[in-house]
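Colleague: For reference, the chains in residue letters:
Number of protein chains: 2
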Amino acid sequence: MAMKLGFIGLGIMGRPMALNLRRAGHPLWVHGRRAVTMEPLAAAGALACGSIGAVATHAEVIFVMVSDTPDVERVIAGENGLLSHLRPEQVVVDMSTISPAVTRRLAQELQTCGVEMLDAPVSGGEVGAIDGTLSIMVGGQKATFQRIKPLLEIMGRNIVHVGDHGAGQVAKACNQIVVAVTIQAVSEALTFARGNGVDAAKVRAALLGGFAASQVLKVHGKRMLDEDFTPGFKVQLHQKDLHIVMEDAHKLGIALPGAALVAQHLNALMGSGDGELDSAAIVKIMERMAGRKT
Amino acid sequence: MAMKLGFIGLGIMGRPMALNLRRAGHPLWVHGRRAVTMEPLAAAGALACGSIGAVATHAEVIFVMVSDTPDVERVIAGENGLLSHLRPEQVVVDMSTISPAVTRRLAQELQTCGVEMLDAPVSGGEVGAIDGTLSIMVGGQKATFQRIKPLLEIMGRNIVHVGDHGAGQVAKACNQIVVAVTIQAVSEALTFARGNGVDAAKVRAALLGGFAASQVLKVHGKRMLDEDFTPGFKVQLHQKDLHIVMEDAHKLGIALPGAALVAQHLNALMGSGDGELDSAAIVKIMERMAGRKT
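If you read the sequences in order, they're chains A and B. In case it helps, this note's numbering puts the first sequence at residues 1 to 294. In case it helps, this note's numbering puts the second sequence at residues 295 to 588.
Hints listed in this document are in silico derivations from the structure and should not be mistaken for laboratory results. Keep in mind that a hint or two might mislead.
Cross-link-like lysine-lysine pairs, in silico, DSS-like; alpha carbons within 30 Å at most [to be verified]:
| no. | chain 1 | residue 1 | chain 2 | residue 2 |
| --- | --- | --- | --- | --- |
| 1 | B | K496 | B | K516 |
| 2 | A | K202 | B | K496 |
| 3 | A | K251 | B | K516 |
| 4 | A | K222 | B | K436 |
| 5 | A | K240 | B | K496 |
| 6 | A | K234 | A | K251 |
| 7 | B | K496 | A | K149 |
Remember, it's a predicted structure, so these values are computed and weren't measured experimentally.
Sequences and hints are given; from them, build the entire structure.
Modeller: Written out as structure tokens, the structure reads:
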């Protein structure tokens, strides 16, 4: 059954995700800060809106896909944001990767107006967004999740309801912790091999068959060996995500010594102007420590 | 073609490995420090020897599978060790996990007597040893490797010649770095989930489909959730292996900040009497930091 949908945020991820919703036959109202981002959507039959309010007026379910916590706060609770336009029974689905704590607060503010919110951050990158094969980690009320799930299935494949409001963001944060610290693990192993004068490519091959095997050893390990840091997932986004993790850990009093270490390495990469590289570039920090120019 | 083989060290790993060689039809001379360990081998037709010298006298190729660096030094270079008995053309294959630097030195000492050495540490544990499905990482001369490979294929499946003397030990060290730091990564993610009041089992499930996926998330992550730390691979062995790594890193001047952190967590587990647990118990350190009694 066709539903009136809204989509706010038409960047590298949001644009293809919105296009998939439109192509599935749903009437779609879209808003992007830069008008040019709305053009491919309008060409596909979506209605380009000059304001968030216009989207809120027409759509029953409104997806948000913006960069960072303050952006979501602005879209939902800012001046002329969703909160000043929404009516009861509407649903907001925030697919951005942001703070779990802020997510819980925004969900509560929306609930006061009778509006349900889901946090539904994704992993799988631009390719997953285009192909509709994203992993989607969802927090919020189970009944709302069930209602929205058919729409999420247009954009993704591995869709898990993790728990209450914020639980999707927590799962995404866990994902970013594991990926970052595993990149560090692989970086150190390759550095140890090279420091011993041993062919790091052969070591990676020997390790792929056993308990050291991981997606990171396979994909990021290959990038490190090829010294090809074309993203993939950029240092600046991984740094942002680990900043969310460490802020939450600070507030809740959770010790994460490994993640803290890697967050510093991402900071160093930002400082050396490497924010646009894939976060496999963490290996560069190991190489710089060893005195190699990278 | 049947070859006269020797096997020194008949512990949990060595015994089934030696049995597989014997069952493949090779005449086999064995020596274990405790006479009782030789009984199942003798029952299978191997010749139990009271000394290392007796093995050295009869066998063309001598396998060594003992616990730690000093044990291998004793077997090869100690009083009445292999060096005082071997003749040119014999081959020593050390399958223990020990120091790459000591391996290089022992290989050189053996070469002086015309004896070739391979370092061929394994991963895959007791199950792999019994089933003959070990991963074997080999260092040493390529020609020697080619000659010995059919014998290694009796004990293992994924057999990689990594490079010159010591390269097998370096690859094994890299394996232990990656596994240890990835266990830390998964421990922190599950701790972050719990600290946020989110179901850690659902988070693991959500993460298994994407870039966070690894053997460690699958196997060790499950152990953490079940709080079942039956080994698997024991804390005391992982601690020993990371000690080898950190000693080598110290000597060669290689910075491994992540591995150093996890080495400390393994030290803490040894101090609390948890050396017999699986090294997935690293998660306990995160839980203790959070004030939970474990």
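Colleague: Each hint: holds or not?
Modeller: Consistency of the hints with the structure:
1. The hinted pair formed by K496 of chain B and K516 of chain B meets the criterion: a straight-line CA distance of about 11 Å does not exceed 30 Å.
2. Between the alpha carbons of K202 of chain A and K496 of chain B the distance comes to roughly 36 Å, so the proposed pair goes past 30 Å and is violated.
3. The straight-line distance between the Cα atoms of K251 of chain A and K516 of chain B is roughly 28 Å, inside the 30 Å bound, and the hint therefore holds.
4. Simply put, K222 of chain A and K436 of chain B have alpha-carbon atoms about 25 Å apart, close enough for the 30 Å limit, and the pair holds.
5. A distance of roughly 24 Å separates the Cα atoms of K240 of chain A and K496 of chain B; the hinted pair therefore holds under the 30 Å criterion.
6. Between the alpha carbons of K234 of chain A and K251 of chain A the distance comes to roughly 26 Å, so the proposed pair stays at or under 30 Å and holds.
7. In summary, the hint linking K496 of chain B to K149 of chain A is supported, as the alpha carbons are separated by about 17 Å, within the 30 Å threshold.
Hint 2 alone, counting from the list given before, is not met by this structure.
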